[in-house]
Amino acid sequence: MAHMLGLFKEEEAAAAANATEALEQAGYTNENFEILTGSPYPEGSFGEREAKHKLYVFPFLGALLGFSAAMLITGATQAAYPLVVGGKPILSLPAMTIIAYEGTMLGAILFTVLGIFFESRLPNLNAGIYDPRITAGYIGITVQVAEERVNAVEQLFQRAGAADVIVKR
Amino acid sequence: MHSNGHHPIAPEVTVSEFTEDILQRHASTGARYRRAMVVFGALFALGVVGFVVRAVGDGFDSRLPWGYFAATTAFLLTTAGTAPVLVIGMRAVKAHWRRPLARIAELYGAVGVLVFVMFLPLLFLIPSAENRPTLYFQGERFHTLGRIPGAPQVYDLLLLAAMVIAAVGMLLVSRRADKAVLAGRAGAPATGWRGTRKQWKVQAVGLGLLGASFFLAAVGAVSLFSIDFAMALVPGWRDAIFPAFQMITGLQGGLATVVLTAFFLRKYGHFERYIHMENFWAPSKIMLALTLLWFYFGWSGFIIFWYGRQPIEQNLMQHLFFGPYEWFFYSAFLLCFVVPFLTLLWNGVRKSTGGPALAAAFILVGNLMDKIRIYVGSFAIPNDLIAEHALEVVPPIHWPDVFDIMMMVGGVSGALFLVLWMARRVPILSLWEMAEGIRLRVVRPFLRRQVTVLGKPD
Numbered sequence: 003m004a005h006m007l008g009l010f011k012e013e014e015a016a017a018a019a020n021a022t023e024a025l026e027q028a029g030y031t032n033e034n035f036e037i038l039t040g041s042p043y044p045e046g047s048f049g050e051r052e053a054k055h056k057l058y059v060f061p062f063l064g065a066l067l068g069f070s071a072a073m074l075i076t077g078a079t080q081a082a083y084p085l086v087v088g089g090k091p092i093l094s095l096p097a098m099t100i101i102a103y104e105g106t107m108l109g110a111i112l113f114t115v116l117g118i119f120f121e122s123r124l125p126n127l128n129a130g131i132y133d134p135r136i137t138a139g140y141i142g143i144t145v146q147v148a149e150e151r152v153n154a155v156e157q158l159f160q161r162a163g164a165a166d167v168i169v170k171r
Numbered sequence: 002m003h004s005n006g007h008h009p010i011a012p013e014v015t016v017s018e019f020t021e022d023i024l025q026r027h028a029s030t031g032a033r034y035r036r037a038m039v040v041f042g043a044l045f046a047l048g049v050v051g052f053v054v055r056a057v058g059d060g061f062d063s064r065l066p067w068g069y070f071a072a073t074t075a076f077l078l079t080t081a082g083t084a085p086v087l088v089i090g091m092r093a094v095k096a097h098w099r100r101p102l103a104r105i106a107e108l109y110g111a112v113g114v115l116v117f118v119m120f121l122p123l124l125f126l127i128p129s130a131e132n133r134p135t136l137y138f139q140g141e142r143f144h145t146l147g148r149i150p151g152a153p154q155v156y157d158l159l160l161l162a163a164m165v166i167a168a169v170g171m172l173l174v175s176r177r178a179d180k181a182v183l184a185g186r187a188g189a190p191a192t193g194w195r196g197t198r199k200q201w202k203v204q205a206v207g208l209g210l211l212g213a214s215f216f217l218a219a220v221g222a223v224s225l226f227s228i229d230f231a232m233a234l235v236p237g238w239r240d241a242i243f244p245a246f247q248m249i250t251g252l253q254g255g256l257a258t259v260v261l262t263a264f265f266l267r268k269y270g271h272f273e274r275y276i277h278m279e280n281f282w283a284p285s286k287i288m289l290a291l292t293l294l295w296f297y298f299g300w301s302g303f304i305i306f307w308y309g310r311q312p313i314e315q316n317l318m319q320h321l322f323f324g325p326y327e328w329f330f331y332s333a334f335l336l337c338f339v340v341p342f343l344t345l346l347w348n349g350v351r352k353s354t355g356g357p358a359l360a361a362a363f364i365l366v367g368n369l370m371d372k373i374r375i376y377v378g379s380f381a382i383p384n385d386l387i388a389e390h391a392l393e394v395v396p397p398i399h400w401p402d403v404f405d406i407m408m409m410v411g412g413v414s415g416a417l418f419l420v421l422w423m424a425r426r427v428p429i430l431s432l433w434e435m436a437e438g439i440r441l442r443v444v445r446p447f448l449r450r451q452v453t454v455l456g457k458p459d
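Heads up: the sequence lines are chains A and B, in that order.
If you're matching positions, the first sequence starts at 3 in our numbering and goes up one per residue.
If you're matching positions, the second sequence starts at 2 in our numbering and goes up one per residue.
Keep in mind that the hints were calculated from the coordinates and are not lab data.
One or more of the hints may lead you astray.
[What the hints assert, rightly or not] Taking beta-carbon pairs under 10 Å as the criterion, some of the chain B residues facing chain A (in silico):
1. 30
2. 214
3. 283
4. 434
[Unchecked claim] Calculated lysine-lysine pairs in the DSS-like style (CA-CA distance at most 25 Å, straight line):
5. B:199 with A:54
6. B:457 with B:202
7. B:95 with B:202
8. A:56 with A:170
9. B:199 with B:180
10. B:286 with A:170
11. B:180 with B:202
12. B:268 with B:352
13. B:199 with B:286
14. B:199 with A:56
15. B:286 with B:268
16. B:202 with A:11
17. B:457 with B:268
18. A:11 with B:268
19. B:95 with B:286
20. B:95 with B:180
21. B:202 with B:352
22. B:202 with A:54
23. A:54 with B:457
24. B:457 with B:95
25. B:457 with B:286
26. B:95 with A:56
27. B:457 with A:11
28. B:286 with A:56
29. A:11 with B:352
30. B:95 with A:54
31. B:180 with B:352
[To be verified] Between beta-carbon pairs, the in silico distance windows are:
32. B:47 with A:33: 51 to 61 Å
33. B:124 with A:82: 41 to 51 Å
34. B:36 with A:153: 56 to 66 Å
35. B:443 with A:49: 20 to 30 Å
36. B:384 with A:95: 24 to 34 Å
37. B:452 with A:66: 44 to 54 Å
38. B:155 with A:85: 46 to 56 Å
39. B:31 with A:13: 25 to 35 Å
40. B:62 with A:83: 27 to 37 Å
We treat Cβ as the ideally placed atom computed from N, Cα and C, and that holds for glycine.
Construct all of the structure, not just a fragment, from the sequences and the given hints.
Written out as structure tokens, the structure is:
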């Protein structure tokens with residue numbers, strides 16, 4: 003298998019969108035190619051499908067863990083001194099609120115930061131085919147193709163208006 | 002095409018023009034910028050000297066000598082510390098005018114680290130929550146055997162840590178794409194950021210989640226700080242509105258910090274091409290609303306003491322408003338409410354770059370006066386009196402000495418130095434966020450004038 007990168011100038015962004023269409027017509031699906039840009043474009047600008055991620059799970063998980071830890075600390079503290087005061091229950095929730103809030107927030111924030119790095123697969127020193135011109139505004143389309151189809155895809159990129167095509171075997 | 006007195010529409014700029022210009026500016030440091038860094042760095046060092054002299058000379062047994070240090074910490078917490086709130090809210094509502102201000106607000110997130118460091122010595126100055134009226138109500142006096150370990154210090158520390166982690170996290174996440182551009186220009190290898198659709202999506206969602214978390218943590222941190230380092234130290238001071246009032250001063254101060262910085266950046270950094278009148282006009286309306294809220298919350302707290310007039314409240318009113326710190330109270334009232342309100346009331350003032358910046362400068366000075374009134378006054382109460390039922394004697398005013406002034410000037414300078422230092426590591430205008438906005442904005446003729454057309458993909 004070869005990795006290919008078609009590079010399109012920023013002012014020819016429409017050509018990049020045409021290239022993804024041509025790739026789909028050639029039998030490649032959204033899962034086979036990837037769009038690389040130096041700054042964000044509105045979702046779906048190149049005809050690509052919505053990117054899936056599981057980032058929302060991380061803060062919930064962190065919040066749940068932080069909340070549980072806080073409840074455990076405060077609950078265990080109160081249970082260690084089981085004295086009924088003024089008819090109030092031994093496990094009194096108002097006394098646990100502040101620490102539960104703090105635990106929840108801290109857990110959610112830490113897990114969100116971790117989640118962002120995990121979901122973005124960062125750091126990744128071997129992230130695949132790339133060209134620094136993308137940071138200068140070029141739009142990149144990467145696709146993994148079988149060796150025998152390299153020429154066909156290269157022509158496809160060039161017909162669409164690519165400024166350059168890079169092949170990595 | 003004539004403007005007929007209407008404010009001219011900012012002309013279009015291309016993404017590549019913008020990126021090249023910002024990268025060029027980022028690559029070189031002007032003489033004025035270097036001078037500012039040297040001056041603020043030297044003043045910060047002076048503040049550190051003041052801190053060391055105070056710590057060696059007075060130790061941490063008495064709170065009184067640390068009042069101005071606490072006021073400076075509170076000032077930074079409710080100005081630079083809360084500055085990222087602006088970008089969070091405006092990203093959430095997809096306001097385009099936020100774009101040139103976003104990175105400025107994020108850079109102030111780094112000041113949170115300084116606030117956190119300044120906060121650490123303050124923890125040694127307050128006693129444990131045992132047998133004194135705090136949020137925790139624990140000890141024999143309150144008939145509880147159970148103890149929440151480390152209260153209140155550990156919990157103040159945890160929430161402030163959460164706030165700082167969220168702020169620094171936002172800055173780091175936001176700078177990754179710009180860092181890749183800088184690395185690309187320098188020919189350095191990419192460390193994983195390729196700008197895939199998923200990475201952009203995760204960044205957008207992550208910034209949203211971190212922003213929401215930052216806001217919740219900031220509300221808690223500012224509230225707990227005001228309770229444990231002010232209200233709980235003054236006998237008889239029980240005010241449910243005060244923590245919320247302090248958060249309002251934090252939102253107002255944070256916004257004022259960003260607006261004033263944007264003004265200096267535009268005027269002295271020559272960013273007129275990217276920071277326009279609308280970037281002041283839009284936040285000035287929020288600033289006006291927050292100014293009114295400042296009065297509403299302040300008044301709501303004040304009126305309870307005023308109408309209550311119980312013996313316990315009379316001395317408290319003297320202590321907080323009309324006694325030794327009355328001029329600080331009047332200054333805060335004037336600079337945080339009266340002057341900004343009377344200034345921002347007029348659309349002509351709001352619809353300018355200088356008007357909102359001037360109001361922001363007044364607000365920041367007023368915020369400092371407010372913190373001196375609250376924290377220096379509260380730190381003047383000795384430990385053996387803080388658990389009393391009422392404030393029997395109003396302590397006299399504690400004026401700053403030379404070391405207090407060194408610490409105050411040093412603290413503020415340290416924050417500015419940190420922002421200037423960070424701005425050398427990450428472009429002062431967000432490359433990716435501005436580029437995204439530039440692509441969605443065009444100027445088109447409309448009958449006899451020109452109008453801005455904004456694309457809204459969502």
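Quick rundown of the hints versus the structure:
With a least beta-carbon distance of about 22 Å to chain A, the hint placing residue 30 of chain B at the interface is violated under the 10 Å criterion. A distance limit of 10 Å between C-beta atoms decides the matter here; for residue 214 of chain B the minimum to chain A is near 5 Å, and the interface restraint holds. The criterion of a C-beta within 10 Å of any C-beta in chain A is not met by residue 283 of chain B, whose closest approach is roughly 22 Å, and the hint is violated. The beta carbon of residue 434 of chain B comes within 8 Å of a beta carbon in chain A, closer than 10 Å, and the hint placing it at the interface holds.
Annotation: proposed proximity of residue 199 of chain B to residue 54 of chain A holds, straight-line Cα distance about 7 Å (limit 25 Å). For the hint linking residue 457 of chain B to residue 202 of chain B, the alpha-carbon distance of about 16 Å falls within 25 Å, and the restraint holds. A C-alpha spacing of about 15 Å is found between residue 95 of chain B and residue 202 of chain B, which places the hinted pair at or below 25 Å, so the restraint holds. About 30 Å separates the Cα atoms of residue 56 of chain A and residue 170 of chain A, which puts this hinted pair outside 25 Å; it is violated.
This hinted pair checks out: residue 199 of chain B and residue 180 of chain B have alpha carbons roughly 18 Å apart, not beyond 25 Å. Pair hint residue 286 of chain B plus residue 170 of chain A does not hold up; C-alpha atoms about 54 Å apart against a cutoff of 25 Å. Distance check on the hinted pair: residue 180 of chain B and residue 202 of chain B sit about 18 Å apart at the alpha-carbon level, within 25 Å; holds. Between residue 268 of chain B and residue 352 of chain B the alpha-carbon distance is near 16 Å, which keeps this suggested pair within the 25 Å criterion.
For the given pair, residue 199 of chain B sits about 36 Å from residue 286 of chain B by alpha-carbon distance, which is inconsistent with the 25 Å threshold. At most 25 Å may separate the alpha-carbon atoms for a hinted pair to count; residue 199 of chain B and residue 56 of chain A meet this at roughly 11 Å. For the proposed pair residue 286 of chain B and residue 268 of chain B, the alpha carbon gap of about 21 Å is at most 25 Å, so the pair holds. Note on residue 202 of chain B and residue 11 of chain A: the hinted pairing holds, with a Cα-Cα distance of about 22 Å set against a maximum of 25 Å.
A threshold of 25 Å between alpha carbons decides the hint, and for residue 457 of chain B with residue 268 of chain B the separation of about 30 Å lies outside it, so the pair is violated. Under the criterion of a C-alpha separation no larger than 25 Å, the hint pairing residue 11 of chain A with residue 268 of chain B is inconsistent with the structure, at around 34 Å. Of the supplied pair hints, the one linking residue 95 of chain B and residue 286 of chain B holds, its CA atoms being roughly 17 Å apart against a limit of 25 Å. The straight-line distance between the Cα atoms of residue 95 of chain B and residue 180 of chain B is roughly 24 Å, inside the 25 Å bound, and the hint therefore holds.
For a cut-off of 25 Å, the pair hint linking residue 202 of chain B to residue 352 of chain B is broken: about 35 Å separates their Cα positions. As the CA atoms of residue 202 of chain B and residue 54 of chain A are separated by approximately 8 Å, the hinted pair is consistent with the 25 Å bound. A threshold of 25 Å between alpha carbons decides the hint, and for residue 54 of chain A with residue 457 of chain B the separation of about 21 Å falls inside it, so the pair holds. A C-alpha spacing of about 9 Å is found between residue 457 of chain B and residue 95 of chain B, which places the hinted pair at or below 25 Å, so the restraint holds.
Between the alpha carbons of residue 457 of chain B and residue 286 of chain B the distance comes to roughly 23 Å, so the proposed pair stays at or under 25 Å and holds. The hinted pair formed by residue 95 of chain B and residue 56 of chain A meets the criterion: a straight-line CA distance of about 22 Å does not exceed 25 Å. Taken as a hint, the residue 457 of chain B and residue 11 of chain A pair is honoured in the structure, with Cα atoms around 23 Å apart against an allowance of 25 Å. A threshold of 25 Å between alpha carbons decides the hint, and for residue 286 of chain B with residue 56 of chain A the separation of about 37 Å lies outside it, so the pair is violated.
At most 25 Å may separate the alpha-carbon atoms for a hinted pair to count; residue 11 of chain A and residue 352 of chain B exceed this at roughly 38 Å. Distance restraint check for residue 95 of chain B and residue 54 of chain A: the Cα-Cα separation of roughly 21 Å lies within the 25 Å cut-off, and the hinted pair is therefore satisfied. Straight-line distance between C-alpha atoms of residue 180 of chain B and residue 352 of chain B comes to about 34 Å, which puts the hinted pair past the 25 Å bound. Between residue 47 of chain B and residue 33 of chain A the beta carbon distance is about 60 Å. The supplied range of 51 to 61 Å therefore holds.
Between residue 124 of chain B and residue 82 of chain A the beta carbons are some 25 Å apart, a value that contradicts the proposed interval 41 to 51 Å. Under the hint 56 to 66 Å, the C-beta atoms of residue 36 of chain B and residue 153 of chain A, about 60 Å apart, fit the expected range. A beta carbon spacing of about 22 Å between residue 443 of chain B and residue 49 of chain A agrees with the range 20 to 30 Å that was offered as a hint. Range check, residue 384 of chain B to residue 95 of chain A: about 31 Å between beta-carbon atoms, so the 24 to 34 Å window is met.
Between residue 452 of chain B and residue 66 of chain A the beta carbon distance is about 49 Å. The supplied range of 44 to 54 Å therefore holds. The supplied range of 46 to 56 Å is broken by residue 155 of chain B and residue 85 of chain A, whose beta-carbon atoms lie about 23 Å from each other. Checked against the hint of 25 to 35 Å, the pair residue 31 of chain B and residue 13 of chain A passes, with Cβ atoms roughly 32 Å apart. One distance hint, 27 to 37 Å for the beta-carbon pair residue 62 of chain B and residue 83 of chain A, holds here, with the actual separation near 31 Å.
Of the numbered hints listed earlier, those contradicted by the structure are 1, 3, 8, 10, 13, 17, 18, 21, 28, 29, 31, 33, 38.
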